[in-house]
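Going down the list, the protein sequences come from chains A and B.
With this note's numbering, letter number 29 in the first sequence gets 29, and the count goes up by one each step, no holes.
With this note's numbering, letter number 111 in the second sequence gets 111, and the count goes up by one each step, no holes.
Hints were generated in silico from the structure; no laboratory data involved.
Please note: incorrect hints may appear among the correct ones.
[Said to hold, decoys possible] Computed cross-link-like contacts, SDA-like style, restricted to lysine to any residue with a CA-CA straight-line distance of at most 20 Å:
#1 K44(A) - Q2(B)
#2 K58(B) - T72(B)
#3 K44(A) - E64(B)
#4 K44(A) - E88(B)
#5 K44(A) - S3(B)
#6 K44(A) - I96(B)
#7 K49(B) - R100(A)
#8 K49(B) - S98(A)
#9 K49(B) - L11(A)
#10 K44(A) - S9(B)
#11 K44(A) - K58(B)
#12 K68(B) - G101(A)
#13 K49(B) - T103(A)
#14 K49(B) - E64(B)
[To be verified] Some residues of chain A that are not near chain B, with every Cβ distance over 12 Å (derived):
#15 E40
#16 E41
#17 K44
#18 P74
#19 R84
Backbone N, C-alpha and C define an ideal beta-carbon position, used for all residues, glycine too.
Each chain, letter by letter, is given below.
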Amino acid sequence: NAGVMQNPRHLVRRRGQEARLRCSPMKGHSHVYWYRQLPEEGLKFMVYLQKENIIDESGMPKERFSAEFPKEGPSILRIQQVVRGDSAAYFCASSPQSGRGETQYFGPGTRLLVL
Amino acid sequence: AQSVTQLGSHVSVSEGALVLLRCNYSSSVPPYLFWYVQYPNQGLQLLLKYTTGATLVKGINGFEAEFKKSETSFHLTKPSAHMSDAAEYFCAVSAISGGNQFYFGTGTSLTVIP
């Protein structure tokens, strides 16, 4: 059973460009979480999605960031007009259920560098 | 609101020595707690978790953690460190409401000295 897949693993963008980060959850998992890890910091929750629905986006910056999890295909985290402060590692996690205490399985992350 | 605090951003131990990584939590309800390990340039791997029941939880790679409500702690231990244990360790608590998002500590980098 393949784990959580994320691509690309590394992404370089210039200021003002768009970044698209993809996450394919584990087979059978319909709950996806995105986290951001800034250098020397822990992971910060951004958004929680189920298929075709955003359940909680309380950790997402109000501007330039969006996320989706379509009926078919991977979950996408989109960052428009990137700035240097967006440079970070972005991790996706998935779980089979959404109940409190459910284990989340993490992907290898996408490391975004904004020049 | 929930949060976790990891005391000691860097811990060094000799190979074969006891590993102790500290985690204290804040939660208005009984917490669900997790320890994850992150190797360089990789994702997070679950070491162990506490939800209910036995307060001493055993995980992978010889690690264990004890939930102590009176001390609001969930420290991670391993009797004898191996070189392969060198990594970043994160403690996390599960959200009370809404989805199951995690609140992570800032991490502890473990160095094992040969």
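So, going through the hints one by one against the coordinates:
Between K44(A) and Q2(B) the alpha-carbon distance is near 13 Å, which keeps this suggested pair within the 20 Å criterion. Taken as a hint, the K58(B) and T72(B) pair is honoured in the structure, with Cα atoms around 19 Å apart against an allowance of 20 Å. Distance check on the hinted pair: K44(A) and E64(B) sit about 25 Å apart at the alpha-carbon level, beyond 20 Å; violated. Proximity of K44(A) to E88(B) is assessed by CA-CA distance (about 16 Å); at most 20 Å being required, the pair is judged to hold.
A hinted pair counts as satisfied when its Cα atoms are at most 20 Å apart, and K44(A) with S3(B) qualifies at roughly 11 Å. About 16 Å separates the Cα atoms of K44(A) and I96(B), which keeps this hinted pair within 20 Å; it holds. Restraint check for K49(B) and R100(A): satisfied, since their Cα atoms lie roughly 12 Å apart, inside the 20 Å limit. A distance of roughly 16 Å separates the Cα atoms of K49(B) and S98(A); the hinted pair therefore holds under the 20 Å criterion.
Restraint check: the Cα-Cα separation between K49(B) and L11(A) comes to about 32 Å, which exceeds 20 Å; the hinted pair is violated. Restraint check for K44(A) and S9(B): satisfied, since their Cα atoms lie roughly 17 Å apart, inside the 20 Å limit. Straight-line distance between C-alpha atoms of K44(A) and K58(B) comes to about 26 Å, which puts the hinted pair past the 20 Å bound. Between K68(B) and G101(A) the alpha-carbon distance is near 17 Å, which keeps this suggested pair within the 20 Å criterion.
Restraint check for K49(B) and T103(A): satisfied, since their Cα atoms lie roughly 8 Å apart, inside the 20 Å limit. Using a Cα cut-off of 20 Å, the hinted pair K49(B) and E64(B) holds, with the two alpha carbons roughly 9 Å apart. Annotated as non-interface, E40(A) brings its C-beta within 12 Å of a C-beta of chain B; the closest such distance is 8 Å. Distance check on E41(A): its Cβ comes as close as 6 Å (rounded) to a Cβ of chain B, failing to clear the 12 Å threshold; non-interface status is violated.
Taking the minimum C-beta to C-beta distance to chain B, about 7 Å, the non-interface status of K44(A) is violated against the 12 Å cut. The Cβ of P74(A) sits about 16 Å from the closest Cβ of chain B, beyond the 12 Å cut-off, so the non-interface label holds. Its beta-carbon lying about 21 Å from the closest one in chain B, R84(A) satisfies the requirement of being farther than 12 Å from that chain.
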